[in-house]
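Visitor: Same order as they appear, the protein sequences are chains A and B.
Following the numbering used here, the numbering of the first sequence begins with 1 at its first residue and continues without gaps.
Following the numbering used here, the numbering of the second sequence begins with 1001 at its first residue and continues without gaps.
What the hints contain is simulated information worked out from the structure, not anything from laboratory work.
Cβ atoms here follow ideal geometry from the backbone N, Cα and C, with glycine treated the same way.
Among the hints, a few may not be true.
Distance ranges between label pairs, derived from CB positions [what the hints assert, rightly or not]:
#1 A:G228 with B:G1137: 49 to 57 angstroms
#2 B:S1059 with A:R193: 52 to 60 angstroms
#3 B:F1157 with A:F74: 52 to 60 angstroms
#4 A:D273 with B:S1059: 52 to 60 angstroms
#5 A:R193 with B:G1087: 53 to 61 angstroms
#6 A:E28 with B:R1177: 14 to 22 angstroms
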Amino acid sequence: MFGLIGHLTSLEHARSLAYELGYWEYAEQDLDFWCMAPPQTLDEIKVRSITGQVIEGRYIESCFVPEMLSQNRFKAAIRKVINAMAHAQKNGIDITALGGFTSIIFENFNLEQIRDVRNVSLDFKRFTTGNTHTAYIITRQIELAAPEMGIDLKRASILVCGATGDIGSAVCRWLAYHFPKADLILVARNQQRLQEFQQELGTGRILPLTEGLPLADVVVWVASMPKGIDINPTELKHPCLMIDGGYPKNVSTQIQHPQVRVLQGGMVEHSLDMDWQTISSLPDMNILERQMYACFAEAMILEFEGWHTNFSWGRNQITLEKMAQIGAASVKHGFRPLLH
Amino acid sequence: MVASAAIPDYQSAAYRDAFSRINAIVIEGEQQAADNYIQIAELLTDHREELLALSKMESRHKKGFEACGRNLQVTPDLPFAKKFFEGLRANFQKAFAAGDVVTCLLIQALIIEAFAIAAYNIYIPVADPFSRKITEGVVKDEYLHLNFGQRWLKAHFPEVKDRLKEANRENLPLVWRMLNEVEQDAAQLGMDKAALVEDFLIAYGDALAEIGFTTREVMQLTAMGLAT
Chain A
1 MFGLIGHLTS LEHARSLAYE LGYWEYAEQD LDFWCMAPPQ TLDEIKVRSI TGQVIEGRYI
61 ESCFVPEMLS QNRFKAAIRK VINAMAHAQK NGIDITALGG FTSIIFENFN LEQIRDVRNV
121 SLDFKRFTTG NTHTAYIITR QIELAAPEMG IDLKRASILV CGATGDIGSA VCRWLAYHFP
181 KADLILVARN QQRLQEFQQE LGTGRILPLT EGLPLADVVV WVASMPKGID INPTELKHPC
241 LMIDGGYPKN VSTQIQHPQV RVLQGGMVEH SLDMDWQTIS SLPDMNILER QMYACFAEAM
301 ILEFEGWHTN FSWGRNQITL EKMAQIGAAS VKHGFRPLLH
Chain B
1001 MVASAAIPDY QSAAYRDAFS RINAIVIEGE QQAADNYIQI AELLTDHREE LLALSKMESR
1061 HKKGFEACGR NLQVTPDLPF AKKFFEGLRA NFQKAFAAGD VVTCLLIQAL IIEAFAIAAY
1121 NIYIPVADPF SRKITEGVVK DEYLHLNFGQ RWLKAHFPEV KDRLKEANRE NLPLVWRMLN
1181 EVEQDAAQLG MDKAALVEDF LIAYGDALAE IGFTTREVMQ LTAMGLAT
């Protein structure tokens, strides 16, 4: 069985979902209440691959909301992640993806140091960040969308914002290998880490975001930033392909410019049959029927293939081989990069 | 960055003052648990031996916690603790007098045990070394007690379901009131109220789910009276 640990996008969203589901006790409560709320198995999912194989999974709502970070409720945020993981393990789930903020919290607060949660000793082999599949999907989005816009990747300038992160570093490695002549522009906040990464990569140039942006034919956004930044599309190169795989979204502007195309990075479309018992009946959740985060899809792929291991774990560990491996399985079971 | 709790000054007057009440609550809680299991044994004669063994275990825990107080040279405020448990105690005795084993089990084997497990789990990381050792041993035992109540209620779920809901409505709000009463003292010991409530909701919710309630029912039952 696979698991997905998720969270809602805001306190307001959490309240309205609780209301829709008929959990009145939760629907009108403030942040203090959500800081005390335990994780819940909110849905049972049956998934049929295009190969015909059927697997079962559970959606676990962590009860984390992003306000816990913006209002410095870090202890509560940490508890949500750790308790949701313990919940997944206690319920016998073999492989669980940490979705949205939960993997970011796990990494930034070094939660691998917390092993024992009550009477559960966390087995990290049962969890994956899903970042390998996300990185693979982003590279496919680059590869497929750029030529459509007349961008020749062999000669293009490609800027990766968040180059030292887990997903960003994997995308850079892939670009350096497949398009060695491309002009790779590396952008990240931590300059020391960025220089070390550039040396490890053996290519690419380091620029501040504002200098690099007007030069780029392709921009890959995979930074973790508290909120998105405003972009003026007239200051970009034309045409320009922007793939926003940041969580939360790195680009806050609704860009409407004929020469600039923005794709939701790290999202998949799929032809699988997914039967969500509860969630997909809700107004803003029916999209799950056809689109989802690549990190969630990774848990499903690992379950289909019986790879019950933490396929994506730690920082800067994603190899080209693993991206190819998860990519082949992704195609086999019916996932595709989102291209519109 | 690791989320580690600040270690309190175990010898400060403020710490020892708060500890005198929290330690008394724990001692009194274990004493009542020992008494309650003896009474439950009278109602469930088939399980008499097992219940009396649990009662003995609780008495042992009590002795352990008395040693924790002595170790810090703190005199537990037992009159405070007796008053603290008054409401739950009265409800338990009322149910016992009526031969209502379901309510007795809900109060002792689910609510009090889940509350104890939560409190001990949150206390362990901030406890003095002596108390930590004692408490770690106790927590292991407590999971066994929760199991007894769970097992019995699960085996009788269809006929006890409605009574459990009723008993939950009558007793869970008392727990929130009790928690508010000791919020300051617990904070003095380095225990965070939100963490305590969350841990309780997990232990209590898991027990209710194991007994047979659905996720929806568990969410409704555990949140009963929590919002103020």
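Visitor: All hints are to be evaluated individually against the structure, with a verdict given for each.
Guide: Here is what the structure says about each hint:
1. Distance hint check for A:G228 and B:G1137: the Cβ-Cβ separation is about 51 angstroms, which falls inside the suggested range of 49 to 57 angstroms.
2. In this structure the supplied range 52 to 60 angstroms holds for B:S1059 paired with A:R193, their Cβ-Cβ distance being about 57 angstroms.
3. Our hint of 52 to 60 angstroms for B:F1157 and A:F74 is violated, since their Cβ atoms are close to 40 angstroms apart.
4. A hinted range of 52 to 60 angstroms holds for the C-beta pair A:D273 and B:S1059, which are about 58 angstroms apart.
5. Checked against the hint of 53 to 61 angstroms, the pair A:R193 and B:G1087 passes, with Cβ atoms roughly 56 angstroms apart.
6. Evaluation of the 14 to 22 angstroms hint for A:E28 and B:R1177 yields a pass: the beta carbon distance comes to about 21 angstroms.
Consistency note: the structure conflicts with earlier hint 3 alone.
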